[in-house]
Amino acid sequence: MAAPNVLVQGNGEMLEDELTVSTRQRDDVAIIDLVGDVTTFAEEKINSAYQEVTAQGAKQILLNFRQNDYINSAGIAILIGIVTEVNRNNQKLAVSGLSQHFQKIFRMVGLAQYADIYQDEDEAVAGFAK
Amino acid sequence: MLNKKSDNDQNKKEIELRLPSKLGYEKVAMDTASSLARRMGFDGDRVESLKTAVSEAVTNAIEHGNQHDAAMKVVVLLTVHDDELVISVTDQGRQALQADRTQDVPNLPEILHQASLNPGADKGGWGIWFIRELMDEVEFTTAPSGGNQVRMVIHLEQP
Numbered sequence: 002m003a004a005p006n007v008l009v010q011g012n013g014e015m016l017e018d019e020l021t022v023s024t025r026q027r028d029d030v031a032i033i034d035l036v037g038d039v040t041t042f043a044e045e046k047i048n049s050a051y052q053e054v055t056a057q058g059a060k061q062i063l064l065n066f067r068q069n070d071y072i073n074s075a076g077i078a079i080l081i082g083i084v085t086e087v088n089r090n091n092q093k094l095a096v097s098g099l100s101q102h103f104q105k106i107f108r109m110v111g112l113a114q115y116a117d118i119y120q121d122e123d124e125a126v127a128g129f130a131k
Numbered sequence: 009m010l011n012k013k014s015d016n017d018q019n020k021k022e023i024e025l026r027l028p029s030k031l032g033y034e035k036v037a038m039d040t041a042s043s044l045a046r047r048m049g050f051d052g053d054r055v056e057s058l059k060t061a062v063s064e065a066v067t068n069a070i071e072h073g074n075q076h077d078a079a080m081k082v083v084v085l086l087t088v089h090d091d092e093l094v095i096s097v098t099d100q101g102r103q104a105l106q107a108d109r110t111q112d113v114p115n116l117p118e119i120l121h122q123a124s125l126n127p128g129a130d131k132g133g134w135g136i137w138f139i140r141e142l143m144d145e146v147e148f149t150t151a152p153s154g155g156n157q158v159r160m161v162i163h164l165e166q167p
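Sequence lines, in order, name chains A and B.
Following the numbering used here, the residues of the first sequence are numbered contiguously, the last one being 131.
Following the numbering used here, the residues of the second sequence are numbered contiguously, the last one being 167.
Bound conformation, chain B alone (with noise of 0.2 angstroms):
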């Protein structure tokens, strides 16, 4: 379990943004995450990095969680504290992701040995693991609505 800041927090801001279930609205919540962070002090590198985790999770949201039907929506809170940016993508769980792909490393060799058998071998399954590498936290869990939920925690280092 994450350490979650208390909801009482006096300093939090939140944002949220209900996207469509079309790719490329997953930008809208990469740049706005990228904004804030930026606001919030986070050097050029960190906010790259969380420009692809964000964008990661919201793809992920739109192409599996919700089977890209442009009129189920992708729910992202942005919540900025004095020291962290919290942010939980959650979708309306039409597939459930499973929690075995939560934990997949993905194998560059394999994944081009499978390829040179066969050309239309996945080549993908990046993008929770772009997240794990990327993030200080992260956590996926079932949203009480019960759709998947993907909570990343970044922690602004302090000077």
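Chain A extracted, bound-state conformation (with noise of 0.2 angstroms):
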């Protein structure tokens, strides 16, 4: 076999949390912001999230993808537990803001059977109201 043309030998320090997180209220709908990588690493900031809003009541929650350049199987299975408690909790969930790569991944996955997926924040909003 012929030699490798690049040769890249990584021992160094990687960043891992590459994700903000905040809530704030639009009409009756929680919206959560994710804005960059959804890994492993977010799962803290993710469940909290969702434990502040529906501590405050949220009956809707609205989970607003931006700059979600890489969501994988680990962010998967965390947003996996979000649908298990809004399950629990009686309350209705909706995603927005997902590239039309990962609209395929959640619909692939059967997240679209508990979550509404929405082109963007103000189609989700309305989506809800109705």
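Computed footprint of chain A on chain B; a stretch qualifies when at least three of its residues, placed anywhere within it, have a C-beta under 8 angstroms from a C-beta of chain A:
#1 57-67
#2 114-124
Here are the simulated EDC-like cross-link-like pairs (lysine to aspartate or glutamate), alpha carbons at most 20 angstroms apart as the crow flies:
#3 A:131 to A:117
#4 A:93 to A:121
#5 A:105 to B:51
#6 A:105 to B:144
#7 A:105 to A:122
#8 A:105 to B:53
#9 A:105 to A:117
#10 A:60 to A:34
#11 A:46 to A:19
#12 A:93 to A:124
#13 A:105 to B:141
#14 A:46 to A:86
No lab work stands behind these hints, which were simulated from the structure alone.
Virtual Cβ for every residue (Gly too), placed ideally from N, Cα, C.
Hints are included, so try docking the two chains, each in its own frame, into the full complex.
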């Protein structure tokens, strides 16, 4: 076999925490903004935000994704945990802002059966109001 | 057995990454594969599928094969052919991948049911399934070195 063209040898530290999570209220919808990567490192932040809005009495929750170039299977598992809690607490969940690829991933996994998928926040808030 | 391109393919180009077994480095492999695929002419949807498959394969190697031991390497070999991109991801095999795990098809309703009974229940197991669903060819083997190896192929559709 021919020698590889490029050899990359890594041994340093890697930035792990690349997600910013915040919460806000719009009409009757509690919005959890997720900006950045949704991976195993996101678990505590996402669960804390969910518990915060739930403690405030939220019945309609929107996970509003932005700049999510990277959502992996660990991130999907975190979101499945949120779906479990949403079902347990009789809340309604929707997601917005996902790229076409991650909308496809959500549908492949089956999450679309448990959370309506909207293109953007405005569409989602209008959808909750119907 | 997958139909493998000859090692004598004169036009092939190889790029090798040797990554520490630390989560986060899978993004290096993902970005490299993405860059190569775009240069080859894959469309955006296929590139996104490739990125997910590569990240899952490397993450599996880090978490399971090498058990998060940063001193152990994950080797990613990307081979560019005229009409396809072949990516092999090899770990050092501290933990062997069980053959039956490679055929798992996760069932979300069942996962949700189990989680409703026990919030700590495993909600994962999607990674290998993503790889199988998103790539054109996938093969799980044991490398000559003894590590786990996954070989993925994505074909370039001719216009």
